[in-house]
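Please assemble the complex out of the two chains, which come individually in their own frames, going by the hints.
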Amino acid sequence: MANGLGKLIKTLQIDTRLLGMIGAFVAISLVFHIATGGTFLTPRNLFTLTLQTASVAVMATGMVFVIVTRNIDLSIGSLLGIVGMMMGILQVQILPELVGFGSPSIWIITVLFGIIVGAFIGGFQGWLIGYLAIPSFIVTLGGLLIWRGGAWWVSKGTTISPLDPSFVMLGGPTGTIGATASWGLAIIGSLLTIYFLMTARRNHLSHGFAVKPVWAEYALGAILVGGICGITAIMNAYLVPSRILERRFAADGLEMPEGYTEAYGFPISVLIMLAVAIVMTIIAKKTRFGRYVFAMGGNPEAAELSGLNTRFLTVKVFALMGALTAIAGVIASARLGSAGSSLGELDELRVIAAAVIGGTALAGGVGTIYGAILGAFIMQALVSGMGMVGVDAPLQNMIVGGVLILAVWVDIIYRRKTGDS
Amino acid sequence: MTTPLLEMRNISINFGGIKAVDDVSVHVMPGEVVGLLGHNGAGKSTLIKILAGAYQKDEGEIFVDGKQVEINNPRDARAHNIETIYQTLALSDNLDAASNLFLGRELVNRWGLVDDTKMESESRKIMARLNPNFQRFSEPVRSLSGGQRQSVAIARAVYFNARILIMDEPTAALGVHETAMVADLIKELKTQGLGIFLISHDTREMMDLCDRVSVMKNGALIGTERVEDVTEDDILSMIIMGKNPKQAA
Chain A
1 MANGLGKLIK
11 TLQIDTRLLG
21 MIGAFVAISL
31 VFHIATGGTF
41 LTPRNLFTLT
51 LQTASVAVMA
61 TGMVFVIVTR
71 NIDLSIGSLL
81 GIVGMMMGIL
91 QVQILPELVG
101 FGSPSIWIIT
111 VLFGIIVGAF
121 IGGFQGWLIG
131 YLAIPSFIVT
141 LGGLLIWRGG
151 AWWVSKGTTI
161 SPLDPSFVML
171 GGPTGTIGAT
181 ASWGLAIIGS
191 LLTIYFLMTA
201 RRNHLSHGFA
211 VKPVWAEYAL
221 GAILVGGICG
231 ITAIMNAYLV
241 PSRILERRFA
251 ADGLEMPEGY
261 TEAYGFPISV
271 LIMLAVAIVM
281 TIIAKKTRFG
291 RYVFAMGGNP
301 EAAELSGLNT
311 RFLTVKVFAL
321 MGALTAIAGV
331 IASARLGSAG
341 SSLGELDELR
351 VIAAAVIGGT
361 ALAGGVGTIY
371 GAILGAFIMQ
381 ALVSGMGMVG
391 VDAPLQNMIV
401 GGVLILAVWV
411 DIIYRRKTGD
421 S
Chain B
1 MTTPLLEMRN
11 ISINFGGIKA
21 VDDVSVHVMP
31 GEVVGLLGHN
41 GAGKSTLIKI
51 LAGAYQKDEG
61 EIFVDGKQVE
71 INNPRDARAH
81 NIETIYQTLA
91 LSDNLDAASN
101 LFLGRELVNR
111 WGLVDDTKME
121 SESRKIMARL
131 NPNFQRFSEP
141 VRSLSGGQRQ
151 SVAIARAVYF
161 NARILIMDEP
171 TAALGVHETA
181 MVADLIKELK
191 TQGLGIFLIS
201 HDTREMMDLC
211 DRVSVMKNGA
221 LIGTERVEDV
231 TEDDILSMII
241 MGKNPKQAA
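Just so you know, the protein sequences line up as chains A and B, in that order. Heads up: the first sequence begins at 1 in this note's numbering, then just goes up one per residue. Heads up: the second sequence begins at 1 in this note's numbering, then just goes up one per residue.
Next comes chain B alone, as it looks inside the complex (with noise of 0.2 Å):
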């Protein structure tokens, strides 16, 4: 077996006495989908922002390319190469595509300012290959719909050469049309060699896009199975009942 891209071996963090994780180990191989299931609450989230480092864990080791690394702070997750598109979109409103995708990482002019037409020369080329209606560049983002702001999102994520990607609920925002074009890149993704772990309630658009899913209850890890080698009502049972039907079995 190959070295996995990211591995997260028996992870724990406890939030006033309650176990929001406990002893999870998961890991994802490159150009490989890992699906996280489970309830609100099921400690997903939690899991995924100790990985970017929103979070620290009370317990555990992270490994990239089999090497063990800490990761106390986002900037530690980005040195890495790990980036994540949250749930909230986590984008400052005020601000304007191109400010929010480089937010922390700036480009600067041989005078140490800030080189904003640079940046959004930058911007307007990743988006051209994300999102080729996208033309808004110089508005607060505030003024951007769901899925024009979820590209802002992504291109933040995809610009700065991620090899880990976390998407927590990318499409929970979206309509139709874009939740296609977000399954469309993470395909491209995929194949580009990127590891990604996708978070999402939608266990039919799971099936479609991950190659495994892991299953979350209490904070604990029910199970990691193929997709190939289970239903969607095994995944359904192992959400709500908290059992791998095919341990049992």
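Chain A extracted, bound-state conformation (with noise of 0.2 Å):
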């Protein structure tokens, strides 16, 4: 029987770790789905589990390039702050004098500058690693330091809010697409997913290698489409509460129709979420500067040897990392509709251990994008569950800490099994 199990997963060429973390995740949630009574696997919990991650999902896709080339990025939380904070000082009191308030040119605007500044400031401490050779361990602690005192700084320690209404809706349960829409993004999501499975086939043949029976191909296109399909109605499920709806038509002085209901559909925040995954995916898997970044995690010396400007290439993983420490900050203050000076403390401890439990290896050249988003979801499912079952603040540090540990130590066990160390 397990013996079956094992050829048919090798068939499919289904990557065991990802089984074992998605099987961690199921676990994790059924046992705080009994522990509180069937709140926890709800659409409605489920939703806000998703929207209470793409912060953390979107960084830890960063991180994995970082931790890939043998470094470490501890001031992302504090460039998190001060970003964040900059971005809510231009929005509210800058940008609404220049163009106007209510402007939509307000968000994009402030999206952007916040991403310029945080691949500015990401690349800076990435010249600092790679061309004057200080351990990014050490420019990176500076720098958790120095970016969350320059947030105190630039706000004198006060909170930035309310934000823009428009750039509310790329965090928070506000900005959602509704179910026509969500629906329309499956469909599309699973075309493209069938269109790469047969391409790839298409392309294997043409040159003659090895190809999985075609009912491997129709199963696994079966089962990602079914993914795509069950996230869509798991979000599409969880409906906005009939008093705000009631509300809504009252402003417009309706009266709200008879057993009328609206689903919430994908938040904005999730969709930019999965874009940063897509897109990071592409760049690990499919340029030269993602191989250039794991050879060079592989074998510094190799990847010099063979012409590649190792220092450089340390600058652009670490300007990634900021761009991306700003998207995160995006949607962690448009989710709170604030920008506060403390905002995303401790999020590099939350980032770096979301990668390593998506099978990041420290020692380098090791590490999956899909891995350090399931990561994030793990332990953002550990803390919320612990929450809803009341545990109390510290013992849950403990446990997350304890389950950090328990995962690598795991991890090490799986890589000496299967020889990949």
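Hints are computed from structural coordinates only; laboratory data are not their basis. Fair warning: this is a prediction, and the values are worked out from it, not measured in the lab. The C-beta atom is built at its ideal place from N, Cα and C for all residues, glycine as well. Wrong hints could be hidden among the right ones.
Unchecked claim - With a cut-off of at most 25 Å between alpha-carbon atoms, the simulated PhoX-like pairs for lysine-lysine come out as follows:
hint, chain 1, residue 1, chain 2, residue 2
1, A, Lys-10, B, Lys-118
2, A, Lys-286, B, Lys-118
3, A, Lys-7, A, Lys-212
Unchecked claim - What the simulated footprint calls covered on chain B by chain A, stretch by stretch (three residues with Cβ under 8 Å from a Cβ of chain A suffice, anywhere in the stretch; the number is not a length):
hint, region
4, 64-75
5, 117-127
What the hints assert, rightly or not - One side only, chain B facing chain A, incomplete, derived with CB under 10 Å:
hint, residue
6, Ala-54
7, Asn-100
8, Gly-104
9, Tyr-159
Right, dumping it as structure tokens:
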């Protein structure tokens, strides 16, 4: 039985590590579902869970590249804080006077500004690491203190609130795309998945390589499309509370029809996270830059001797991390509707934990984007589940710490067994 | 005399006041194998690393086909069709054979994305020539044997039309059968007109494979001799004594 299952997984060419992580996520969810008397695995809670995870998950994809190149970035929580603060001041105090309050260009300018600042600060740290050869641990530890202090200094300790309404759409439950558009995206996503599976197969056949049996391709396609539709169904199953709907109709001077319901659908922040995940996966697997990141992580000397500019590569990796931190800052501050100077505190540890739980090896050279995102979900499921059960905050931290160590230990055993140290 | 394929003239390099290579001149003709011999620390590896672009010389000149060239980094060396197989193999253990073979020179499709299928296909073609038994294309090279890794390193040098090949201890990590395979390959490449610099500690092997040998000691060149003009003992005494018995006689 176990043997047959192993063969099946091999034929489908599914990563066993991925299965293990999905298994861990499901197990954690089930335990909390029972412990909370059936409130964990509800559309409402899963919707909230994805909202809470989006920011950390976006940063975790960048942290994969950082750790794969044998570096670390401890500054991202503080970087998120200062970029979030600068974006807050820009959209609340500066832009309304320039472009007019309520202008839709406010959120666009703010987000672009944030990404540029984030990439610049990240790139500067990368320059210190790559060209001046200061260890990344030290540069980003300094950055942790500097940028957090900077966030306080810029804001003088105040919280910028409320943020621009169009900007707030990017982070929270107010910014969702509704049921119809969600299904539309699900259909497009499913068609693209099938298209890529087919082109990959045709490409392999045209070079005379071995391919999976046809049934395995169908099974894989069915699993992926099923996953996309399942997640969409969950997002669409969470309905907007009738009180909110009534108020909306009342605002337009209308009476709400009897039995009227409306689903939230995908939040924009979750779509941003998905887009980041797809783009980062393409960068990691299909671009020269991504290939060089992994080559440098596997053997820096060999990368150098192959003519790669590893110093500039380091700058680019940290600039990318900074840009992703800014995107995460958009999501985090928009979700709260405010930018406080403590925004993003301790996020660096959550992000590093997510990447490591997701199978990124601190020795470098190994890591996946989907792993880091799943790692972020596992962490968040654990934290919010414990919150729902009523575990005290100090005990929560102790448990999360223990789980992190356990996860890395399990990973070491897994690698030893499969031989891909 | 025809123009050497490659000539290094009066090369010197200092590391913190120590002359690791001191006024050394060597050259290689097309279809010739030149051996570099000497103790550890004699300066052989440093000399060829200058040629490969890994180190920058302090003094001296390098000529390819009689034209002076500047080699400041590994990319420059590659641009002059100088390929190197390092003692340490210089492979990224976490990547597969094709990714290593094309590292820094990936094949891309029309969208500029890395074309793994094409690269694997090309890798299969060259491997069929170099090491027909090699089949493990999609595994990280860390799981390969020393000989298989060596064939990846050699394939990388050969694939890109190398004209000058540097081999730093190519057989150090290999078994008897694989060593013979590398020797056959060197002979084949020679007939194709490549110029090869070979570094090895095995004097017997060098006598078999090389046309000329240059012996270094403490960063200086002791002498360069055609293998048919010297005995193995002559070479050993050059390595150990640092004197050329032929010149003394």
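Can B:Tyr-159 be said to touch chain A, with a Cβ gap under 10 Å? This hint is violated: B:Tyr-159 lies away from chain A, its Cβ roughly 13 Å from the closest one there, beyond 10 Å.
Straight-line Cα separation of A:Lys-286 and B:Lys-118 no greater than 25 Å? holds, 13 Å
Closer than 10 Å between Cβ atoms is the bar; does B:Asn-100 clear it against chain A? Give me holds or violated. holds, 8 Å
Given hint A:Lys-212 paired with A:Lys-7 - CA-CA distance at most 25 Å: holds, 12 Å
Does B:Gly-104 pass the interface check with chain A, least Cβ-Cβ distance below 10 Å? B:Gly-104 check passes; min Cβ-Cβ to chain A is 4 Å, inside 10 Å.
Go check the region 117-127 of chain B versus chain A for me, would you? Three or more residues, Cβ under 8 Å, otherwise it fails. holds (count 4)
Does the alpha-carbon distance linking A:Lys-10 and B:Lys-118 stay inside the 25 Å limit? holds, 24 Å
Per the CB criterion, is B:Ala-54 less than 10 Å away from chain A? holds, 6 Å
Holds or violated: the region 64-75 of chain B covered by chain A, criterion of 3 or more residues with Cβ-Cβ distance under 8 Å? holds (count 3)
Violation of the numbered hints given earlier is confined to hint 9; every other hint is satisfied by the structure.
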